[in-house]
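Peer 1: Spelled out from the first residue to the last, the chains are:
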Amino acid sequence: MSRTTLDLWVGVFVAVGFAALVFLAVKVGNHSGSSGPIYTVSAAFDNIGGLKVRAPVKSAGVVVGRVGSIGFDKTKFRAVVRLDLDGRYTFPVDTSASILTSGLLGEQYVGLDPGAEETELKTGDQLQITQSAVVLEKLIGQFLFNKAAEAPASAK
Amino acid sequence: MNALLELLRKIGAMTIDGVWRLGFIARFFCVVLRYSGQSFRRLPLTIREIYFSGVLSLLIILVSGLFVGMVLGLQGYDILQRFGSIDALGIMVALSLLRELGPVVAGLLFASRAGSAVTAEIGLMKTTEQLQAMDMMAVNPIARVVAPRFWGGVISMPLLAALFSAMGILGGWLIGVVAIGVDDGAFWSQMRASVDFRYDVLNGIIKSFVFGMAVSLIAVFEGYDCQPTAEGVSRAITRTVVSSALVILALDFVLTSFMFRGL
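If you read the sequences in order, they're chains L and X.
So for the first sequence, the numbering used here puts the first residue at 1; every next one is plus one.
So for the second sequence, the numbering used here puts the first residue at 1; every next one is plus one.
Among the clues, some could well be false.
No farther apart than 25 angstroms at their CA atoms in a straight line, the calculated lysine to any residue pairs in the SDA-like style are these [what the hints assert, rightly or not]:
(1) K27/L / R198/X
(2) K27/L / P141/X
(3) K58/L / T75/L
(4) K52/L / V63/X
(5) K58/L / G68/L
(6) K52/L / V62/L
(7) K27/L / T127/X
(8) K27/L / A193/X
(9) K27/L / I25/X
(10) K58/L / W188/X
(11) K58/L / T256/X
(12) K58/L / A193/X
(13) K27/L / S112/X
(14) K27/L / F24/X
(15) K27/L / I70/L
Just so you know, the hints here were simulated from the structure itself, not pulled from any lab data.
Given only the sequences and the hints, what does the whole structure look like? Please build it.
Peer 2: Have a look at this one:
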């Protein structure tokens, strides 16, 4: 086979291979977290339920960041969650964070509800108002307890 | 008593042989790297090897990728419809291909299609004393024969694995969306929402690159190291395919446990 046809085929192969890579990168994958600067804030929760590292942080349903890490505060016995927020979005300092579930069986995520303060959150800040995850077992337990407490009263 | 001694002696010989081969392959790798610069100065040699191991593997990679993707589409649909979440078909097909099946199956196919050919070629060159002849003419056989084949494989493998994954996703789409009727928008948007470029795509590419290095090194080494007889060449080819497959699967476990640990 002559040199030029060989080069042509190899060129086609490399071009098609890179086209596949671009297809995987653009059409299949998303670039969350890799684009632009981020700033990091933390939030302490009484109970994070099944929240995982890299879970999305959403405000008004839009993904604005990711959970960076999850730790445990030894003195206050609370879970400390580090949130990596997209630098394009800023929030007031009195923003509240709550752990929510998408759908009944969906993944858990952190929801941010913006407050009304003028000053904005910056790296190192801690969110003061937090709401823990709803633990289904506790909810059912409470429900059964209330039912049991009701039953004798209605029997009379 | 004598039988026991004989057994122990055999185990010892096998261990020493194994360690010796491991050391030899590591030194061989260093030599290949050292003479790579020389072979890159004559780029057409490497381009020719990319043609033989990359372009000629295209057909088997594309067809296998398509069929693996179509099977994933069928099986994924069957499992996901039990949970009423057929919209997640795209996620399942894309993640299983990008993370595992793409690099691993492409690596296994590459080892049996291209690795065996490289071993046979180098082994036959050694049997017919072409390598010694080159040495006599002051042409370094490592730089002239071995390094181009090694780099040809290393360059081809990630591209082939990416093509395999892309074809597989297309196959899954064909079965899921075109044949069964999963919603087209849900298929792509759910896939895009949960496939992360750095975490899933890039890790898959790193995997395929590592597999390409391993398979190419094994192929050129077995060829270079074979007994210079017809039987020796055939044995070397068998060893290439078998040990490539084992190394790919073992490396895949190691890489997976580093990359996707409990996240």
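Peer 1: Quick one: which hint numbers does this structure break? Sort them smallest to largest.
Peer 2: 2, 3, 4, 7, 9, 11, 13, 14, 15
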